[in-house]
Amino acid sequence: METSLLAEWEATEAVDHHCHPLRRWPFPMSAFELRTVFSEALDQRVIREHTPCTAAYRAALRRLGDELGCSPVEEAILELRAGQDPATYANLLLGRSRTGMMLLDHGFGGEDAFTAAEHRAQLRIPQREIIRLESLAERLLLRCEGPGEWFEAVRSGLRAAVAEGAVAVKTIVAYRSGLRLRRHPADAVTHEFSWLREGALRERTPPRLNSEAICHTLVFEAAAACRTLEVPLQVHCGLGDPDEDLALASPLGLRELLESPALAGLKVVLLHCYPYQREAAYLCAVYPDVYMDLSLAIPLAATDGTRAMREALGLCPWSKLLYATDARRLPEAYFVAATLYREALGAALSELVETQVIDWDEAAEAGRRVLAANAVALYALRAS
Amino acid sequence: METSLLAEWEATEAVDHHCHPLRRWPFPMSAFELRTVFSEALDQRVIREHTPCTAAYRAALRRLGDELGCSPVEEAILELRAGQDPATYANLLLGRSRTGMMLLDHGFGGEDAFTAAEHRAQLRIPQREIIRLESLAERLLLRCEGPGEWFEAVRSGLRAAVAEGAVAVKTIVAYRSGLRLRRHPADAVTHEFSWLREGALRERTPPRLNSEAICHTLVFEAAAACRTLEVPLQVHCGLGDPDEDLALASPLGLRELLESPALAGLKVVLLHCYPYQREAAYLCAVYPDVYMDLSLAIPLAATDGTRAMREALGLCPWSKLLYATDARRLPEAYFVAATLYREALGAALSELVETQVIDWDEAAEAGRRVLAANAVALYALRAS
Amino acid sequence: METSLLAEWEATEAVDHHCHPLRRWPFPMSAFELRTVFSEALDQRVIREHTPCTAAYRAALRRLGDELGCSPVEEAILELRAGQDPATYANLLLGRSRTGMMLLDHGFGGEDAFTAAEHRAQLRIPQREIIRLESLAERLLLRCEGPGEWFEAVRSGLRAAVAEGAVAVKTIVAYRSGLRLRRHPADAVTHEFSWLREGALRERTPPRLNSEAICHTLVFEAAAACRTLEVPLQVHCGLGDPDEDLALASPLGLRELLESPALAGLKVVLLHCYPYQREAAYLCAVYPDVYMDLSLAIPLAATDGTRAMREALGLCPWSKLLYATDARRLPEAYFVAATLYREALGAALSELVETQVIDWDEAAEAGRRVLAANAVALYALRAS
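If you're matching them up, the sequences are chains A, B and C in order.
The working numbering puts the first residue of the first sequence at 94, with every later residue one more than the last.
The working numbering puts the first residue of the second sequence at 94, with every later residue one more than the last.
The working numbering puts the first residue of the third sequence at 94, with every later residue one more than the last.
If you are wondering where the hints come from, they were derived from the structure by calculation, not from laboratory data.
Each hint should be verified, as a subset may be incorrect.
Any copy, or any two copies together, can satisfy a pair, since identical chains are not distinguished.
To be verified - For lysine to aspartate or glutamate, the following DMTMM-like pairs were computed, each having C-alpha atoms within a straight-line distance of at most 20 angstroms:
(1) 360 x 142
(2) 360 x 323
(3) 360 x 136
(4) 360 x 160
(5) 360 x 349
(6) 360 x 314
(7) 360 x 167
(8) 360 x 458
All of these numbers come straight from a predicted model, not from anything done at the bench.
Working from the sequences, and respecting the hints, build out all of it.
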């Protein structure tokens, strides 16, 4: 049944509502480089010694081998790709990912990633931008004398970006001070702002937001702006690289944001979520404007990502579940994440058919919503 | 195998050890009304736009359509029910739920729910009452001058209710100040009591318990009374409506209650538990007088509720797992929750047979204990 | 497929990298005694009334009956064992557990457990020792005047033990003050040390470490020593007996230990982990020197232990997953835990084959690594 659902969805071009840009080509490619996009480790020893022993990486090699028609081992895949024109190869794999639209966070690609303009020029898939809140706020900080002026500058920045076509704002506050959001007194915000700004000026380094009062308050300010601008706020939840304390990354920490009457109508999108997918699904089930995906978890948790999707579809309405890869840098990442997401969706919806919750046609339709229709409505997307 | 277990259990009349009263009939029925009993959302937009896209609601429609012999869609079910006498229809569906006894929390039905006397008159199933701690305590608060007098009044109220036939006390402290119970100094309790009482008197509103010192202390006092009265204390854990912070609703927070030597022998029943069912099962495995159910999770988490039951039966002895629907208002709610609970139990116990842990006869017997015998012993129930 | 993997692994002698010594024989054996090694309850009522209704105990009886060729009930197993020479019987069952090497924590066996020398004399399996940190530190405390002297004595003790052949250090800080490790100011450590020492001297009782500053600091000190001595630090995480607060036992609490630059290269082994196995797997996926097992969870969570292993193999590289029983006292405990661990491993790796992540040969090899090769490398084991 899963197979027939996957076949049915071949016709559905997905909206990848959260991903990152490709690496600028040409570049020397290696097994090490390939492995890095299938791991969240920052330590090279993990990549060298352990990533080859993960279900995530083996699933990636297997799916790539099947698609490329070569042996599912690094050497064969690297050899095959070495003979191709990078743009052709990337567009081929991206095309095979059945992606109809990419919403891109350009704030995490690194120096060697394509700019937004380059990315649009190189990839045939229509693209929209997501504004990375903390990057914008850090860029604006030094030119502001106090938090009031700074928040106003952030609001202006968001307004301008949306006017230029950005469709969402994303916060990585989970990395900076955890997700247990709370309101902070104005003087604490002022104090942290001055401390941060003066340190950056003194040491001539770019400021890096990482204390609670300033990070949390920024999120509340941005949330209010998103509500006014009618764009969703994407929130990194759950797993990521070890810069983040996973103990502080449960989406349940967003309660004050979700319960705030002043923010009623704000659309909140929980990204990744694993291993807090049941908690995220709960929030989707009781708050009208909360959405979730399982990007990053799929492909990283591989077969357990499928289980996470089954768990999510316990409480989460399928009108609230979104499709995303969170892929970055290499076309292989997008293709593998896309393939595994569709497989997981097929398995999870098949389970609902097998347990007599819905029938096959309803499962097919639910899958189309997850892959595309939910995001089209949420982000008010139209073909470019 | 699951099918044969379900067939075997047809003869077992279950003890629904935690549910709420039906809505008083007749009343105008609608699709919206039907949906509300299969969701914990308080926001109408969730019910209108998203509940139809949940596994819980689809499973409910499917099970109802199968039972009523109509199409599993709202229109068909509503039309079929519209032609029936409400009492006949309710007694028929409740009868088909194979419920032999209902333990009822009358404190959550709302104004339009049957009173205990009405409920007994209208439903053929034998019934017993559960005392809702916070409701009782709030009713008694204004007539007391201080916390000592108030706790004494609560103890008297509990004693009187048990003398009149109540079989358990239930606390919803998870909603009011979270489940991370701890002892508070007497002066903090006195202070909060005065503040609450004076506010209520000044504003002529009923008092609402919601601060830690007073809520937690009330639970410890009630626990001591339950121990003396030899009735179990039911504790709402895990999911519920968004008035509750799910982050604070893990049953592991009850540790101080469970470890207290003064409370040795107190029977504690963890209600709902999801997504903390593994944690609840752990407590059942190590404390002699802790019990659990997965009501509300089943039916709300649908297929993932089945998985939750499989997880619970990892550590939880089947002599500690109880059956309940947590249903309210509409007969459909009881029937669907009952049906899905039995299905989940069948699937979970089948897994134990398939993995060569127990044989079919033992699975059948374990199921009978969960459905009825455990509750009969725990609440010392006899036929009325 | 699971069956063929299990058959393949018959040839693999496992390294049980964490277990406890057997009880000294002969001793009167009873059903009660048998049950105690398949439960973490400290209360006798749980053992008497509920352990027989657990999947763990039933799985144990079933596996024992199958192996011993008798009915899977207590009477038959006890009768069969009563007719045997204890040493022969123990060596037979231990041999059938396919254990090639035991790493033993001798600090938890109780007065009636074999000493290390006795254990080596009675059991044919090669053995190595694990140093129980808190026991060592408590033994040394009274002879030291202050924390500095005490930490130095602990370091010397660890150095001496390693010189005599110990292969790892184990901490049970989760039991003593929880796993949310943090650095404490020196004066807090000094204060707690004096308070603890003076109390023990005054009351002539052995000191028992149980306050945060002293317990956490001891772990950081021991971690530095382990790094220098090049032995892994084993950390009890997740479930255990109810002396521990499971809410404080998530391995995510170790973040400060894992992120400390001064401790780079320290090998950390997360023991048990359940129900935090996804969190533990995450740590294994991002930190180069973190390892995990699911001992105790398997066999205690029985069929859900298998699910836990499937979940762990989502993020955890199979080069980081270890095999252990955490068994103690009775040979039956080792045999059952070994059998169920292999079954769970077979089921989890079969799933990766079925979902086309790896092929059968790779699954067989991954299993061999988990059963033995990972531990041989991690603990630098050679045949004695």
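Hints versus structure:
1. 360 x 142: Answer is between; shortest inter-copy Cα gap is 15 angstroms, intra-copy 41 angstroms.
2. 360 x 323: So residue 360 and residue 323 pass the 20 angstroms test inside one copy only (8 angstroms; across, 49 angstroms).
3. 360 x 136: between (35 angstroms within a copy, 14 angstroms between copies)
4. 360 x 160: neither (37 angstroms within a copy, 39 angstroms between copies)
5. 360 x 349: within (14 angstroms within a copy, 35 angstroms between copies)
6. 360 x 314: Close inside one copy (14 angstroms), not across copies (43 angstroms); limit 20 angstroms.
7. 360 x 167: neither (41 angstroms within a copy, 29 angstroms between copies)
8. 360 x 458: neither (23 angstroms within a copy, 47 angstroms between copies)
In terms of the numbered hints stated before, the structure departs from hints 4, 7, 8, listed from lowest to highest.
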